[in-house]
Every structure is written in structure tokens, then in C-alpha cells.
Amino acid sequence: MTEKQLKYRSFRSINWRAERRLLPGYIILSLWMLFTFVLVGWVVGASLSTTKEIFTGKALHFGSGLHFENYVKAWTGQNVSVFFFNSLFYSICSILLLILVCAPAAYVLSRFKFAANRIIQSGFVAAMGVPVVMIILPLFSQVSQMNLLKADGTIRALMIYLYVGFNVPYTTIFLLSFFANLSRSYEEAAAIDGCPPMRTFWQIMLPLAQPGIITVTIFNFINIWNEYFMSLIFANSNNTRPVAVGLYSMINSMKYTGDWAGMFAAVIIVFLPTFLLYLFLSEKIIAGVTGGGIKG
Amino acid sequence: MRKTTGKIVVFLTPALIFFLTVFLYPIIRTATMSFFYVENITSGMKDWSFVGLSNYVKLANTSLFRTSMWNLLRIWAIGGLLVLGLGLMFAMILNTGVRMKKFYRAVIYLPNIISAVALATMWLQFVYSTRFGLLTNLFKTMGIDSLAAVEWTGPGNKFWALLFAYCFGMVGYHMLIFSSGIEKIPAEYYEASSIDGANILGQFRHITWPLLKGVLKTNITMWSISSVGFFIWSQLFSTVTSDVDTISPMVYLYNQVFSAGNAITQRDAGLGAAVGMTLGILVVLVFVAVNLFIRDDELEF
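Read top to bottom, the protein sequences are chains F and D. If you read the first sequence in our numbering, its first letter stands for residue 1, the second for the next number, and so on. If you read the second sequence in our numbering, its first letter stands for residue 1, the second for the next number, and so on.
Source of the hints: derived by calculation from the structure; they are not laboratory data. Incorrect hints may have been included.
Here are some of the chain F residues that sit facing chain D, going by a computed Cβ distance under 10 Å [stated by the list, open to error]:
#1 PRO24
#2 PHE35
#3 PHE112
#4 VAL133
#5 MET134
#6 LEU139
#7 SER144
#8 GLN145
#9 THR172
#10 TRP225
#11 PHE229
#12 TYR248
Covered stretches of chain D, as calculated for chain F (at least 3 residues, CB under 8 Å) [to be verified]:
#13 19 to 33
#14 175 to 186
#15 267 to 276
Pulled a few chain F residues facing chain D out of the computed Cβ check, cut under 7 Å [said to hold, decoys possible]:
#16 TRP42
#17 VAL43
#18 GLY57
#19 GLY165
Note that this is a predicted model, so its numbers are computed, not measured. Beta carbons are placed, not taken as given, at the ideal position from N, Cα and C, and that holds for glycine.
Let's have the full structure, built from the sequences with the hints guiding it.
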């Protein structure tokens, strides 16, 4: 019997008594889901409405049609486009660098026995639990002594450096388990064929760890996109601000401009990239949460 | 052999440089700085003056910091019960064989991928808004005028409004960690105990709970780490920088070191470092306590 037929049969023979037993569970899940949908749905609706309609409680009536110009206004007028591309730039550079830095490290830590191996691994695991407050002050004093906070270019480079550094422990530990599960026979075969170890790693081992690399990269992207505290401290100028900090300053200025529909549009713009990723890759993202370093 | 050593060094060095510069060196320097008076954060070590433990003593005597620690404790304890309780409940419901499990799971986790600024804004400007908000309108349609008139983010309510909104976003993450533990428990245990006449509560007490100790430890540790970093929510929920209702230690540190807040006139980076150390030590203490009190018997299953 094919899988399709099996599925069909199992649909025909729904065990209604068992389903009834699950009813309380369904109710709780559905209520929670309903609330989430209302929360996000209303904000999407309000972002396409007008401030006047929002205030008269008619945000979702769309009496005057859909106002996509809210998005245009927020995008161009409120500097959101600058914040957006800053975030995109930081995130993409950082996730690529993270793989270049962490994959080799994870590979070596999973493959070779040497004195410092366990210490490095424990250090990385411990670093995953270090709150930002423990590191932020010396970092700030160091970079301001080095005069890195004066020009946009150095701030950008610094942000990428910090994002990479802050995510190195998690990414390395996550990838470590992927390399550990790859068979050694690949390297042995490559060595017999005369392939140098460097090339073996980049051309054979790295592609084999691809599922892990993709998962951890999506996860890093979301984390970096949403990061707030470090960018508040270091990238707090109009040209270098990423979306999270930009949105905050926008919300504050909204008190004076009173453009609520535009504010909700900005909220959706900030939320959209991670949401789109999540829409298509939620399974991989969820796997990223429980995989890797976090063990029961 | 020398070839391997070379490879190890080349492959590890970049990661180690990042680790040393972003974690190890700053942690050591924060720890040192917490024993010094450092007027300006950018001043070099030669301008620091040793004050011993007086930064910590000063913190303990600062009422604003004490308030912030009290808020943190409430966030950690009450929020923790709420988030871990709901997370466990959802993880268990999802494991009972409900249809569309993956879909429900994805929806519950969704708030975690939303930027905290965006999510907090959704709560503040929509759910809690007294002019067009969800709660106000909901209670109006239900005819409960007393609740419809509540100012959700007004004084007295603000902290709870903040805590609830924050918890909503965190449930999904902790649900996933519980799920990863629950899914490892073999279904036969439940079947066998059902045959022996155990009900759902009995199954929870004698099968699920004991076998979840490992993930419970992970959950408490992760919850403590995120509580300590509580910052953006309190910044968004308070309109003035030193709002006592929602101030967290990290907000206190930020005001102390990076911006001259309304209530804080004197900048002191050494004091800020002491705040950082206090929070870091708290995480370590929780971690140690959790491992001491929750015995994971390393059951094989």
C-alpha cells in the first residue's frame, strides 16, 4: 500500500472517541493561536489603514480602501529604508563570516584530540550563557579608545565583528555535533587520493555538513536581525542604525508626528524578513532551537 | 603529526581570536573594573582608583538599583512559573497526538522570531491601548465596563502588563525545549501505565515529570539568562528613562554608564561593571543551584 493510500485510510478511520479526548487540548491551542493571529493580523490591517480610522476603531473596515502609501511613507520618509539595508548588510556579512570562522573550528574540535580541546569546548559552552552586560563595558571603552565610533565605516565593521564574535560559541558548538556525526571514511578516502587536508575540508566535509550549516545560519540571521542592545550602544547614529534601534527611535518620534498607521507599517517592515524566512523554513528554525548546544 | 598541528592551529585561530576579544578579555576586565572607581568609561586603567567592594556596597544601598533587582526577581520567579508552566502544558498537549501538531507548534513559536521592539509595540499600541485596544474593546463588547475602563499600562498595572506581554513571546522557546525532552519518552511507558489503570495526572507525576528533569534544568538556566538581559521591554514600556515601575538592572546600568538619565547625575563605569558582575554571578548561582537541587539520574531510555 502506498503512503498516500495509507494516509487516506487513516483519514477515513478517524477515531472520534480519541479526538474527543483531545478536545481540551485543541481548545487551548486554538485560543492561543487565535490570539496570535489577531495580534499580528490587526497590526497588518492597521498598517494598511489610516490614523483616523485606527482611532475611531475602524482599522479593519478599510472604508477608504487599502493605504499602501503608509509603507511608502515609512520606507522613504522615516529613514526605514536606511535602517533596513543596514540590518541586511550586518546580518548577511555576519552570517557568512560566522560559517567561515566556525565551521573549521567545529571541524577540528570534533575530529582531533589535543590538550586544549575540552577546555575550548567548555569555554564556548560557558560563553553561550554570558549575558551581554558582562562584556559590554570593556568593549565600549576599547573601541572608543581606538576611535572606532567616529566614522560610519568603522562602526559598520565593528558591528559585524561584534555580531560574529558574540555568535561564535553558539555556532561552533552547534556545528560540532554535525561534524562529529560524519564518517571518517570520507577524509581517509580523500587522503589516499592525495587531496590536501585543507581542500578535503572545504570541498568534501563542508558540503556534507550543509543541513547543519543552513539551520544555524538562518538562526543566526534572525538573532542578528533582532539584536538590540549592542547596536543601541555602538551603532547609534542615523546612518548606521539597524532596524530594531531605528524602530525604537521612530516610535519615540511618532509621539510628535502622530502618524500611527505609518508606525504600524514600520513595525511590519521590521517584522517581515524574519517572518518570511519563518514561513518557509519554520521546521529548520525550530530544529535550530533544540539542536546543537542545548542538550537535555 | 606536524601537519595536523598546523591544521588545528589554522582552523581554530580565527574562532579563538573572536572568543578571546569578545568574551574572555571583556569578562576579566569587567570583573576587575567592578573593584575600581572609573569616572569615565573610556578612561584607561591608570586613571582607575581601587575602591575594593565599595561599588557593590553602594549598589546595595541604592534604592533605584534595589527596585530594579526586585523587578528582576519578580520577572524571573513569576514570569518563570508562567512561561515554563505554559511551555510545559503546550509541549504535553502537542505530544498527545493532536492533528496539525507542526502547525500549532510553529504558531506558538512565532513570537520568538519577531523583533522585541516590534512585538512590544504591538502589545503596547494595540492590545493595551485604551483608545482602540484589544482588551478595552473586548471588555466593552462583553459589557464589563469596569474592566473596559482599566488603564492597562497605567501606574500599578504597567509592570504586570509588561510581564504578561513578555511572557507571551517567550513561551514558544521553552515549549520547544520541553518538547525535545517529552518526545524522547517512549510511548510504551504511557501505554503500559494506562493498562495498569493510571490516569493522565498519575502519568504526569510518575512518568513525564521525573523524565523531564534534564530539560527542566536547561529551561531554568535559559530563562535565567534571558531574564538577566531584560532591557528592551522595560525601555519601551516606560516613557521616562528612570521609570521605577519597570526598571530592570540592565536599564539601570545603561542609564548609569551610557546616558545621563533623569535621576542619575553621576556617571560611574565601575558601578556599572559591578551591576554586570552581579547579574553574571546570579546566572552562575542559578546554574549551580539547579544542578544541585534537580538531580538528573541519567536514566537510560
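These are the hints, each one checked on the structure:
no. : hint       : verdict
1   : PRO24      : 8 Å, holds
2   : PHE35      : 8 Å, holds
3   : PHE112     : 6 Å, holds
4   : VAL133     : 4 Å, holds
5   : MET134     : 4 Å, holds
6   : LEU139     : 5 Å, holds
7   : SER144     : 5 Å, holds
8   : GLN145     : 6 Å, holds
9   : THR172     : 6 Å, holds
10  : TRP225     : 7 Å, holds
11  : PHE229     : 6 Å, holds
12  : TYR248     : 5 Å, holds
13  : 19 to 33   : holds (count 11)
14  : 175 to 186 : holds (count 6)
15  : 267 to 276 : holds (count 5)
16  : TRP42      : 6 Å, holds
17  : VAL43      : 5 Å, holds
18  : GLY57      : 5 Å, holds
19  : GLY165     : 3 Å, holds
Against the hints set out earlier in the document, no violation occurs for any number.
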